[in-house]
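Visitor: Protein sequences appear in the order of chains U and F. Residue numbering for the first sequence follows the UniProt record's numbering, starting at 1 and increasing by one per position. Residue numbering for the second sequence follows the UniProt record's numbering, starting at 1 and increasing by one per position.
One should not assume that every hint holds.
What the hints assert, rightly or not - Derived DEER-like restraints, expressed as beta-carbon distance ranges: (1) U:133 to F:36: 33 to 43 Å; (2) F:16 to U:533: 38 to 48 Å; (3) U:493 to F:65: 51 to 61 Å; (4) F:74 to U:387: 43 to 53 Å; (5) F:74 to U:406: 50 to 60 Å; (6) F:121 to U:76: 45 to 55 Å; (7) U:348 to F:80: 45 to 55 Å; (8) F:18 to U:503: 55 to 65 Å; (9) F:80 to U:70: 50 to 60 Å.
As the list claims (entries may be wrong) - Short, incomplete list of chain F residues facing chain U, as computed with Cβ under 10 Å: (10) 36; (11) 79; (12) 134.
Unchecked claim - Partial pick of chain F residues on the chain U-facing surface, computed with a CB cut under 7 Å: (13) 7; (14) 13; (15) 67; (16) 107; (17) 133; (18) 143; (19) 153; (20) 155; (21) 156.
No wet-lab data here; the hints were simulated from the structure. What you are looking at is a predicted structure, and each value in this text was computed from that prediction instead of being measured. By construction, the Cβ of each residue, glycine as well, lies at the ideal position given by its N, Cα and C atoms.
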Amino acid sequence: MIFEQAANSLIPPAFPDAWQADLLAQLAEAETVLAWAEQDLDLQLCFGKGMLVLTAQRLLTKRAGEAEWQSHLLRDGLRLQQHDHAGVASLELFDAAARIAQWRYTLNHGPAAQHLIERFALQLDSLRSGQPVPEPEHAHCPKCKAELDADAEECPVCTREIHQPPSTWTLLRLWRFAKPYQGQLLLGFLLMLGSTAATLVSPYLTMPLMDEVLIPYQNGASIELSTVGLYLGGMLMAALVSWGLGWAKTYILALVSERISADLRTTTYEHLLQLSLEYFGGKRTGDLMSRIGSESDRISVFLSLHALDFITDVLMLVMTTIILFSINPWLALATLLPLPLIAWLIHLVRDRLRTGFEKIDRVWGEVTSVLADTIPGIRVVKAFAQEQREAARFREANKHNLYINDKLNKVWSLFSPTVSLLTDIGLLVVWAFGIWLIAHHNVTVGTLTAFLAYIGRFYGRLDSMSRIVSVTQKSAAAAKRIFDILDHVSNVPEPTRPVQLKQVSGQIELRDIRFRYGNRAVIKGLGLTIRPGEMVGLVGHSGSGKSTLVNLICRFYDVSEGAILLDGTDIRSLPVADFRRHIGLVLQEPFLFFGTIAENIAYGKPDATREEIIAAARAAHAHEFILRLPLGYDSLVGERGQGLSGGERQRISIARALLIDPRILILDEATSSVDTETEKEIQKALDNLVKGRTTIAIAHRLSTLRQADRLVVMDRGEIVEVGPHDELMAREGAYWRLYQAQARNVDTDPDDAE
Amino acid sequence: MSHTMQFQLSRNSFGRLVLESAEHGRHEGVVPVRAFPVAAPDKGIALVSTDGHEVGWIDELSALNATTRALVEQELASREFMPELLQLVSVSSFATPSTWQVRTDRGPTELILKGEEDIRRIGREGLLVLDSHGVQFLIRDLAQLDRHSRRLLDRFL
Numbered sequence: 001m002i003f004e005q006a007a008n009s010l011i012p013p014a015f016p017d018a019w020q021a022d023l024l025a026q027l028a029e030a031e032t033v034l035a036w037a038e039q040d041l042d043l044q045l046c047f048g049k050g051m052l053v054l055t056a057q058r059l060l061t062k063r064a065g066e067a068e069w070q071s072h073l074l075r076d077g078l079r080l081q082q083h084d085h086a087g088v089a090s091l092e093l094f095d096a097a098a099r100i101a102q103w104r105y106t107l108n109h110g111p112a113a114q115h116l117i118e119r120f121a122l123q124l125d126s127l128r129s130g131q132p133v134p135e136p137e138h139a140h141c142p143k144c145k146a147e148l149d150a151d152a153e154e155c156p157v158c159t160r161e162i163h164q165p166p167s168t169w170t171l172l173r174l175w176r177f178a179k180p181y182q183g184q185l186l187l188g189f190l191l192m193l194g195s196t197a198a199t200l201v202s203p204y205l206t207m208p209l210m211d212e213v214l215i216p217y218q219n220g221a222s223i224e225l226s227t228v229g230l231y232l233g234g235m236l237m238a239a240l241v242s243w244g245l246g247w248a249k250t251y252i253l254a255l256v257s258e259r260i261s262a263d264l265r266t267t268t269y270e271h272l273l274q275l276s277l278e279y280f281g282g283k284r285t286g287d288l289m290s291r292i293g294s295e296s297d298r299i300s301v302f303l304s305l306h307a308l309d310f311i312t313d314v315l316m317l318v319m320t321t322i323i324l325f326s327i328n329p330w331l332a333l334a335t336l337l338p339l340p341l342i343a344w345l346i347h348l349v350r351d352r353l354r355t356g357f358e359k360i361d362r363v364w365g366e367v368t369s370v371l372a373d374t375i376p377g378i379r380v381v382k383a384f385a386q387e388q389r390e391a392a393r394f395r396e397a398n399k400h401n402l403y404i405n406d407k408l409n410k411v412w413s414l415f416s417p418t419v420s421l422l423t424d425i426g427l428l429v430v431w432a433f434g435i436w437l438i439a440h441h442n443v444t445v446g447t448l449t450a451f452l453a454y455i456g457r458f459y460g461r462l463d464s465m466s467r468i469v470s471v472t473q474k475s476a477a478a479a480k481r482i483f484d485i486l487d488h489v490s491n492v493p494e495p496t497r498p499v500q501l502k503q504v505s506g507q508i509e510l511r512d513i514r515f516r517y518g519n520r521a522v523i524k525g526l527g528l529t530i531r532p533g534e535m536v537g538l539v540g541h542s543g544s545g546k547s548t549l550v551n552l553i554c555r556f557y558d559v560s561e562g563a564i565l566l567d568g569t570d571i572r573s574l575p576v577a578d579f580r581r582h583i584g585l586v587l588q589e590p591f592l593f594f595g596t597i598a599e600n601i602a603y604g605k606p607d608a609t610r611e612e613i614i615a616a617a618r619a620a621h622a623h624e625f626i627l628r629l630p631l632g633y634d635s636l637v638g639e640r641g642q643g644l645s646g647g648e649r650q651r652i653s654i655a656r657a658l659l660i661d662p663r664i665l666i667l668d669e670a671t672s673s674v675d676t677e678t679e680k681e682i683q684k685a686l687d688n689l690v691k692g693r694t695t696i697a698i699a700h701r702l703s704t705l706r707q708a709d710r711l712v713v714m715d716r717g718e719i720v721e722v723g724p725h726d727e728l729m730a731r732e733g734a735y736w737r738l739y740q741a742q743a744r745n746v747d748t749d750p751d752d753a754e
Numbered sequence: 001m002s003h004t005m006q007f008q009l010s011r012n013s014f015g016r017l018v019l020e021s022a023e024h025g026r027h028e029g030v031v032p033v034r035a036f037p038v039a040a041p042d043k044g045i046a047l048v049s050t051d052g053h054e055v056g057w058i059d060e061l062s063a064l065n066a067t068t069r070a071l072v073e074q075e076l077a078s079r080e081f082m083p084e085l086l087q088l089v090s091v092s093s094f095a096t097p098s099t100w101q102v103r104t105d106r107g108p109t110e111l112i113l114k115g116e117e118d119i120r121r122i123g124r125e126g127l128l129v130l131d132s133h134g135v136q137f138l139i140r141d142l143a144q145l146d147r148h149s150r151r152l153l154d155r156f157l
């Protein structure tokens with residue numbers, strides 16, 4: 001971007017650096033670059049970089065894999081068209097007679113191409129009319145259509161889409177949760193130092209016990225009871241101190257680690273609740289539950305048990321080394337030299353075991369997935385008499401499980417004996433070298449005994465120390481899975497600079513919105529303005545994007561491109577909870593939580609008075625049937641409570657929506673799961689609800705949308721027709737066809753069920 | 001019994017396929033769609049009109065005459081985009097989102113994996129990796145990948 005040439009001023013500063021020099025050579029004098037779009041595929045759909053530039057006079061392009069730039073002069077009759085399929089977009093240039101050129105790219109270059117198409121159309125218009133291109137009042141972001149500040153290069157709404165991977169040192173990130181307890185942690189560490197030091201006293205005392213008492217006794221001297229008492233007393237004291245300190249240390253650190261994991265759990269759950277519906281859609285419930293439940297527990301066990309033991313062992317190693325070297329450096333060297341070798345050997349075997357265990361985990365997953373497939377679908381299995389096949393499938397998975405287990409057990413059964421063999425060999429080296437030192441140098445039997453006592457204790461810990469590698473890896477994986485949730489930035493993020501709306505009139509504007517689910521475009525360039533207080537019915541076949549549109553308006557998802565505005569403000573700049581407070585949602589399957597009816601009605605406004613609750617229930621035509629229940633408003637519903645019919649549950653959910661008195665009401669197939677008689681009841685309740693609110697209703701039976709001010713007919717993510725019922729009927733278009741189809745078969749219309 | 005319908009296929013100057021058949025009349029802009037893109041890519045191809053209705057069916061690609069077959073294959077080639085992952089060169093991290101440098105049958109590229117659930121199993125050996133922009137990368141047989149790639153991939157499964 002640091003070209004200081006005169007002509008360069010005509011290339012916008014945001015233009016990619018890599019193409020600057022190349023393009024500059026192509027541009028004529030004073031030729032202005034208006035828009036550009038990069039491509040990442042060639043025409044055979046292989047990866048490669050290409051560029052398409054729109055100037056005031058022509059389209060300049062250099063395709064991937066081609067050496068030369070090509071140019072297409074702008075002229076009347078040209079048109080550019082973009083469409084996409086399976087994650088790949090295609091941009092085509094046509095004139096009246098034929099296709100002139102084509103470009104291919106993946107969807108991350110889609111918005112730039114869209115922007116180029118729009119500028120291209122404006123430029124052609126101005127060529128035709130001779131008028132200059134009207135300057136847009138504000139720059140709009142090509143991706144989300146948000147207004148940009150004049151000097152802003154990047155759109156603040158779009159740039160938040162960062163794909164930054166979290167660090168690999170995941171376990172260290174637990175420090176965030178450990179920090180509040182640093183005082184206790186320090187205390188625990190000091191206690192640990194003390195107790196470890198105390199355990200090292202008694203082997204030290206074996207040295208004088210041997211040299212001053214036992215050996216002289218063997219040589220004929222008598223045993224002096226006071227000396228023996230002194231040494232044995234010292235050993236007892238050391239044991240008692242180490243017991244006391246060890247108890248305090250374990251207790252404090254266990255308390256802390258339990259608290260850390262509890263904080264971790266709560267924080268994760270709170271974060272999870274903030275995430276968008278899209279996140280929940282892509283995850284399995286069981287997986288999320290295990291992450292928050294058992295994985296945080298695994299971390300707690302790691303901290304309070306494994307990490308603790310490991311640190312104790314390391315402390316012991318350091319202290320022992322110091323003691324041994326202070327007694328006799330040569331013997332110390334001989335004792336400690338085999339240690340790294342043995343540790344490495346143990347680690348080697350463990351590593352093989354670990355991959356084996358991971359494989360077993362995976363195979364075990366296969367076994368359970370057979371169960372998870374079959375048991376919920378047991379009716380189908382029985383109906384098609386496939387019990388034999390399912391049993392065979394399970395037997396097959398089980399056999400595979402056995403095979404993998406057998407293979408691992410060969411290594412596994414070798415493991416413990418190997419560890420003891422290695423430690424025995426280590427001790428043998430110490431014995432041999434010790435005897436040699438006693439024979440040739442001035443080393444006492446007591447020193448050797450002390451060394452053996454120290455090192456025997458130590459080699460025993462090697463196995464558990466080697467385990468720390470795999471345990472750490474496992475807990476790091478657990479921590480990672482938890483941080484995955486914590487790091488997941490909500491797709492419907494809170495705005496950085498929230499705008500407060502004082503009074504909401506309820507005007508909704510959909511400005512050229514697009515939404516993609518995976519690589520499937522569900523909403524394609526949809527624009528609509530809904531006036532305050534207007535009732536709009538959404539109509540269309542299943543899969544036409546009605547429910548998606550409603551989810552977008554509720555901001556359960558965010559649009560991929562374009563914007564949704566409430567009273568002229570982008571809903572992405574409103575605080576999420578504030579925005580939702582203005583929306584009442586009545587779903588096809590009303591969900592009642594476990595609790596009383598009153599609590600369920602007051603779900604959106606927990607501080608509602610009893611009068612308000614009753615008023616809402618009355619308006620929802622729920623009051624009377626609630627009174628018929630034995631406990632009235634205090635009847636328990638939900639999981640284990642009173643069984644309510646579909647229509648009754650629906651009216652409770654309508655009361656719930658009425659109670660928060662929203663400006664915007666969304667009815668998503670609110671009446672389609674009940675029979676016609678109940679529907680009339682609900683319809684009466686809905687009429688009360690709709691009054692004076694901006695309402696968006698999806699209904700499967702077109703007859704229920706009669707009172708809508710306008711009907712919006714959707715097909716494959718686009719609006720096909722808009723207008724009142726009578727007008728659309730008179731037009732005999734898409735709506736008329738839908739209506740006729742329903743009139744023919746009043747109650748059974750499989751095509752329309754969503 | 002063969003369901004292959006009698007039809008003529010040609011390409012117009014706009015680059016669209018035009019189908020003419022006695023049964024369904026003339027349709028501009030038909031697109032071929034494979035019924036089993038992974039399991040049996042060359043058997044069972046539907047020709048679908050712009051409004052989404054099936055107007056032609058091909059039992060087997062090899063049964064077509066050379067010109068028609070070439071037209072169908074060209075169109076398929078220009079529509080299908082499921083790069084086959086041949087090698088994972090490197091990954092930015094084992095936690096997601098993770099950027100992968102990969103080698104595919106369509107040249108080297110990079111992809112962003114948003115979450116582990118974007119790797120899906122297809123059949124026993126196959127995997128489908130969905131990148132953050134909706135491109136699907138296919139791994140036909142996990143066992144065929146080299147050791148390094150498998151080791152990297154293993155961490156995400």
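Visitor: Should the interface hint for residue 134 (chain F) be scored as holding, given a Cβ-Cβ cut-off of 10 Å against chain U?
Guide: Interface hint status for residue 134 (chain F): holds (3 Å vs cutoff 10 Å).
Visitor: Just tell me: holds or violated, for the beta carbon distance of residue 74 (chain F) and residue 387 (chain U) against 43 to 53 Å?
Guide: Given about 49 Å between the Cβ atoms, the range holds.
Visitor: Against chain U, is residue 155 (chain F) within 7 Å by beta-carbon distance?
Guide: This interface hint is violated because 9 Å lies over the 7 Å limit.
Visitor: Return the status of the interface hint for residue 13 (chain F): holds when the least beta-carbon distance to chain U is below 7 Å, violated otherwise.
Guide: Interface hint status for residue 13 (chain F): holds (4 Å vs cutoff 7 Å).
Visitor: So, as I understand it, the hint says residue 7 (chain F) touches chain U; can you test that by seeing if any CB pair is closer than 7 Å?
Guide: violated, 22 Å
Visitor: Quick check on residue 143 (chain F) please, does its C-beta sit within 7 Å of some C-beta on chain U?
Guide: With Cβ-Cβ at 14 Å, over 7 Å, it is violated.
Visitor: Regarding residue 121 (chain F) and residue 76 (chain U), is the given constraint of 45 to 55 Å on their beta-carbon distance met?
Guide: 53 Å Cβ-Cβ, so the 45 to 55 Å window holds.
Visitor: Return the status of the interface hint for residue 107 (chain F): holds when the least beta-carbon distance to chain U is below 7 Å, violated otherwise.
Guide: This interface hint holds because 4 Å falls under the 7 Å limit.
Visitor: For the hint on residue 133 (chain F), does the least C-beta distance to chain U fall short of 7 Å?
Guide: holds, 4 Å
Visitor: Should the hint that residue 36 (chain F) touches chain U count as held when the rule is a Cβ pair under 10 Å?
Guide: violated, 15 Å
Visitor: A range of 33 to 43 Å was offered for this pair. Does it hold for the Cβ distance of residue 133 (chain U) and residue 36 (chain F)?
Guide: 49 Å Cβ-Cβ, so the 33 to 43 Å window is violated.
Visitor: Between the beta carbons of residue 80 (chain F) and residue 70 (chain U), is the distance compatible with 50 to 60 Å?
Guide: violated, 26 Å
Violated hints, in rising order: 1, 9, 10, 13, 15, 18, 19, 20 and 21; the structure is consistent with all others.
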